[in-house]
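Produce the complete structure using the sequences and hints provided.
Sequence lines, in order, name chains A and B. Going by my numbering, the first sequence opens with residue 1, and the numbers climb by one from there. Going by my numbering, the second sequence opens with residue 10001, and the numbers climb by one from there.
These aren't lab readings, by the way, just hints derived from the structure by calculation. What you are looking at is a predicted structure, and each value in this text was computed from that prediction instead of being measured. A hint or two may mislead.
[To be verified] Pairs of lysine-lysine residues, derived as DSSO-like cross-links and limited to a Cα-Cα distance of at most 30 Å, are as follows:
(1) B:Lys10929 <-> A:Lys105
(2) A:Lys105 <-> B:Lys10880
(3) A:Lys182 <-> B:Lys10873
[Stated by the list, open to error] From the structure, some residues in chain B lie toward chain A, with a derived Cβ separation under 8 Å:
(4) Asp10509
(5) Pro10576
(6) Gln10627
(7) Gln10629
(8) Ser10646
(9) Trp10657
(10) Gly10684
(11) Asn10692
(12) Gln10693
(13) Asn10746
(14) Thr10761
Virtual Cβ for every residue (Gly too), placed ideally from N, Cα, C.
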Amino acid sequence: MYNFKVIIMKYQYIILGLVLITGLGGCKKFLDETPTAHQSTSSFYKTSDDAVRAVTDAYRLLKDQAYGGYSPSSFGDIMSDDANKGGGGASDQGLIQQLKIFTAKADNGYVYNAWRDNFKGIYLANLVLQKVPAIAMDDKLKTQVLGEAQFLRGYYYLQLVRLFGRVPLVTTPLENGDFNVKQSSADQILAQIEADANAAISVLPNKTEQAATDRGRATKGAAQALLLETYMWEKKWGPAQQLGDQIITSGQYTLAPDVTQIWTLAGEFGPESIFEVNNEDIPGKGVGNLLNLFDAPRNTWGYGFTVPSQSLVDEFETGDPRLHATVIFNNEKMPDGTIANATTSETGYWNRKYWLAVSEIPTNNGGGTGDGPTNDRVYGLAQVMLWTAEAAFQSGNAAHATDLVNQIRARARKSGGNTDTSILPAYGTATLTNIYHEMRVETALGEHRRFYELVRTGRAATLLPGFKVGINEHMPVPLTEIQLSGGVLTQNPGY
Amino acid sequence: MYKIINAFLCMRNSRVFFKSLLIMKLIIILLTASILQVSAATYAQQISINVKQASLQQVFKKLRKQSGYNFLYDSDMLSNARPVSFSLNNASLDDVLKACFADQPLTYVINQNTVIVRSRPIPPVNIMQEVTVQGKVVDEKGLAVPGVSVKIKGTNTGAVTDQAGAYSVKLPTGNETLVFSFIGYATQEIPVAGRIQIDVTLKETQSALNEVVVVGYGTQKRADVNGAISSVGASKLKDQPVTNLQGALEGKTSGVQIIQNSGSPGATAQVRIRGLTSLSNSDPLYVVDGIPLASNDINIIDPNNIESIDILKDASAQAIYGSRGANGVVLVKTKKGKKDNSVISFDTYQGMSTVRKTLDMLSASDYAMLNNEAYKNAGQTLQLPTDLTAASPTTDWQKALFRTAYMQNYNLALSGGSQNVTYRVSGGYLKQQGTIVGSDYNRLNVSNNLVFTPKSNLEFGESFALNKSLTHNVQTDSNGNLINDAFAEDPTIPVKTPDGNYSATKYSDIVNPLAKVHYLYANRPYNQWGLLGNAYLQYKPIKGLTLKTSYSIDLKFTDNKQFTPTYDVAPNFRNPNPQLYQQKDQTNHWTWDNTATYDFTLGKDHHFDVLAGISEERFTYNNVYGQNQGQPGNDPFLQYLDAGISNPVTGGSQQQWDLLSYIGRINYNYQNKYYLTATLRRDGSSKFGANNQFGNFPSVALGWNLTNESFFPKNNTLSYLKLRGSWGKLGNQAVLGYYDYAANINTGYYAIGVPATAVPTAGPNGLPNPDIRWEQTKQWNAGFDYHLFNDHITGSFDYYEKTAADMLLVLNIPSVSGFTQSPRENAGSMKNSGFEFSADYSTPITKDLNFNAGFHFATVKNKVLSLEQTGEKIYSGNIKPGQTELTEVGQPLASFYGYVADGIFQTQEDVTNHATQATGTAPGDIRFKDLNGDGVVDQNDQTFLGSPIPKLTYGFNVGASYKGFDLNLAFSGVYGNKLLAAYKYYTDGFFISNYNMEKEALGRWTGPGTSNTLPRLTASDPNNNSRVSSFYLQSGSYLRLQNLTFGYTLPQKLLERSKIKSLRFYFSAQNLLTFTKYTGYDPEIGQQYSGAGGSLDLGIDNGNYPQSRTLSLGANLSF
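Okay, structure coming up:
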């Protein structure tokens, strides 16, 4: 009897032992896993490095993401009379062609990308503005980080207000479930941009105070230029002229001696550069520009989009050195010795501003096809001077306007090795048309602003075939967004 | 005994152990049950009984209650016994039994806890002639069979074999005949003929009911199974030139759809058990010899080593796999060695594969003519020469891309065993070329298993299966699809120029596909090493109780090397700088299972089989990669990172998840009439936030074997009928990432500074969802198993409904959130329902002629029930010409959605009279239906155009053998689905960019009356003829002769003199005939891309790697 008990005890212990072994290993601790190889939102935003990285992330959406992302040049250049779509025939990137001929509907992918990517930029800027104030870090750096975030938020909102007019106004990262935000009026958005730009102006450093290693970050001048563009949209001519003159006389910027060299790699961050999206061919890092590939001549390494239009070529006055800095002609001998073949271009021309010499093509330097090195010029002194001229003209100060336009023409006359002093004569009194003309030839295909400027100045319907007044000033609100809002977002008129 | 129960209750109440864990309770119940059995001997001796004129049956009943002992007797025998009267207090069992059997014509023996009643030996008439015969009864495996009835023919006297299978019978004369009978085995009558030692080997009766079915964590006899399980044995899997088990399973079972999406060598097929269970992931769980695999890469197993495959289809069968069972479970059992049966076998086949069909493309002159016509119609400049004649050389790019591919397979296996050990060792080698040049697959498998039984109650074993493969893949699924390239490529250029270089495309942006193969894919070897290993220890402390601990490991290492040499084929296909990218991945998945099973019978009729266990699993994924450039040449010996000199990039990471599970199952049957299976699994997974880490997955099933009821008429027409019903709840978590409950910070770069440097940036990769839970699938099943005509026809019928709730979906969210997609959320539910039917016929017609046939079909009906947070629409199938599929409540998932094409406008009048389509619509354009009749064809006129899910899947096979010859044909088919021929976007000329078209395009509209199906060609396509419409849709129904095998086995006589045991030769044809109206390469098209991203991209033909037709010759040899 006793022996049996012992046996029972034995079995009991064998089984219980087994249970215990697994039971101990099997406690809940076994299931504790921490996300590896990455920090998570709950462990990040603790140090000044985190703050800098977070704000730098908000810059990434500035890049021209020609495929699959927001492409400022598709809207600014191709939709205008400066360029045709190009590429491999009408159906190649047909969605851009729909934009070009004003048949784009609310389901157009590029319209959606523009909405999506600018709101992404706004989200990242809002995240910085929400998280960084609580970080214990150097106050000066913190102020600058917050200032950059405010500049960026304003910049992205300017993109949206130009494209869509009314958009939702969000100034803080939204919580899950709070995503359904109504549109605010364009005036409210512009007021927000003013506020952001002013806040940035008050804290950001001057260009001369910025270290070379920080080039590409927003400066006080960049925020001023943003505010100037906003004033131009608001037709606040007085404040615009005043602000423009302030930038011009700040001592921070001078016109580069040769305008034809601005849109070369050597011309990046030149003396008149106010704000540029910094792109570089750094293999494996993905910090290049896709627009080089997108716009390079089709029979070289590129796809041949954004081809200059005859209208643009015709806009240049005879002998204007800026023409050959903007347009590549058939059989033109390029600086790298190659001969251009523009016969396969839709218009017979190729885009010069994103052209690269063979030695600069990223795939020849270890980069991928999307690693183009060309910076996107956003604000330069010339554009600021021409806006100031327009504002001055509108305020009745034609003399000041004429002076500014003539400075731009004089610089162009001396550019590109030109010795013919008869070209681009100075205006006695510049008209509004003269100012618009100068703006077009000065920055065409470089600052991607022509379409918006035509809308802003009310010239789009006259110059753009298919443009319908009262409709095409704005893009349709993306269908997906309207559907997801369950009707909270309303469609723009005419779509 | 009472004390023990009390002790057990106390233990429970005292909260000493595991109070909250149900499974622990189960273990304890089991433990207690075992102790009860053992303790019977100790405590049950104290019996108090008081009977008057009671029959022995009545007494035995009381005794059984008090003692726990079973009584085994023949009721006829007891009819001769006299009633008894006695009264005993605290007596021993023996005393009571003595009182019962005093002066009875009966006596008894105690064997363990069974009292066996037998006739008292009749006093011998002639003592001199009495003979004692003894012997041992074993089964075909040589294992002792206890409990076999050994009777003297024509009497009720005899014996029952003991634990060791031994018996001893006293015979009156020694000239009697002994009858050996036991359920499940053929009864044998053996004349004694004066012998005193008779050993018997019982043969299992050839009934489907005796088949052993592998179920989760154990096995069951087919007759005991209450769930829906499809089984496929080795005989149905052999002789097919397929490289994985999925291919071999195609068309073999009902309710299991195998879709061979790709003919790429080494590709695995998609397996859908009872439809698509979830919107996000419907891949079943694979379990090989009890080891759950980490992925559905079943290539790790050499098909030659598979003994059987059992597919768990309903909740009752799946529930034991809990959170991973919802999509069904494929249980694979590999071959094992047998005792005293050493065999060396060698199998081989040599095959030859080709593609089933290619498309007829235009000649060079027609190519130029049609493209130019399209430009002309659009008012654009002509881009192609107009002077090409019919005699101009035309390159057939498909012919250049495809080849006759060779395949060879070898397998050598040694197996056998002795008293204490069995083994099987095998090695296999497969070399397979793809039908597209540059693609191939080589695989080496080595596996072994060993089982040691040092004592009869102790067993331990180990197994490992090692495989190594080398694959060259050619890209055929997403961007850079070689097959589309071959359709579209300019036919005016040769593959290579006379100087041997690959030609540059003249007129379009297509890259010469052969150049791509040569420079890119040929330099991308993908190496993989896998190890599947297991060691276990099994101990049976008492009869019926099995304790097992098992540790398994599933390791995988891959080396993905992509060398890009320098080449200069065309401006858009040149690389001046050599580059190497190399990635090494490592996955380590271990499983530790601890189980106890207890098999016991209460009384005579209550049979229990109880399982309890705990399982832990950990899955770890690591990777590391490096990339650099500037290798000083393209030579193979320089294709290493150390040879590179510039632009190095490195990276690496790790992810890990854990699963902790408690498992319990009870199988019960009463008199083999009424069956119950109850299962519970409790799973905890690290993939979920702390709030929802654990989930319970219960199921219950009932079965009723009518055949064993006394009222059931004994007849040969319906020889077996069992009704089954089950319900259960299962989980699905396969789609989840490792850390979806949190939001990771992703690192990127942005250029800052002059000179620019790449400055790190950091931002959230998404939004977190700490409340994420399991997907839950509830399923019920009702059906029956039947045998007809004396078991010649066997089969089953099932109806099921399964509803997936809390489906893990990524929802589209407004962009103001900063994201376009939500984290995975539990949103939406979906239902699948259907019938399954199978019938198999097998019978010998004469001694030499055998015939067999089988037929099965399954229907599936899918319906999305709710999509709470998505705005009720999920678009998918995003491919040119656009998003082609929509998932919406009330419809089957991923249904084709678009416009209804309604012929071609013949005249301007037609255009004018029809609803407005677009500003440039002209005669020759497609007329789309104005469904809402508002006079405008716009997005509101889109509608559901059909489902890519077949309404019916079916298969049948017929086979016959005559003497040494055997012939088998297996067919499979689907019916009632639509396919989207997306490749027609290019080949019918909707996309004009100097791409080649199908000859069919010559029938385009060129004027009134010329065509009512194919629109005019125009490069600008103002009418948007290419929009997603019914134009692209075709029926996906097909019937395929999946396999034909003809074999010849050499007669034994011929082999007698050699040492060869058997030798067979066969010819096998795979994918020989396909009946379909589909115009693409192959109608068998499943999910477009593997992985979660493409689970809703169904039935879209974007130019898939076509399945091949393989003819092979093979031999099976054994010594």
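How the hints compare with the structure:
| no. | hint | result |
| --- | --- | --- |
| 1 | B:Lys10929 <-> A:Lys105 | holds (20 Å) |
| 2 | A:Lys105 <-> B:Lys10880 | holds (18 Å) |
| 3 | A:Lys182 <-> B:Lys10873 | holds (22 Å) |
| 4 | Asp10509 | holds (5 Å) |
| 5 | Pro10576 | holds (5 Å) |
| 6 | Gln10627 | holds (6 Å) |
| 7 | Gln10629 | holds (5 Å) |
| 8 | Ser10646 | holds (6 Å) |
| 9 | Trp10657 | holds (6 Å) |
| 10 | Gly10684 | holds (5 Å) |
| 11 | Asn10692 | violated (12 Å) |
| 12 | Gln10693 | holds (6 Å) |
| 13 | Asn10746 | holds (7 Å) |
| 14 | Thr10761 | holds (4 Å) |
The earlier numbered hint that this structure contradicts is number 11, and it is the only one.
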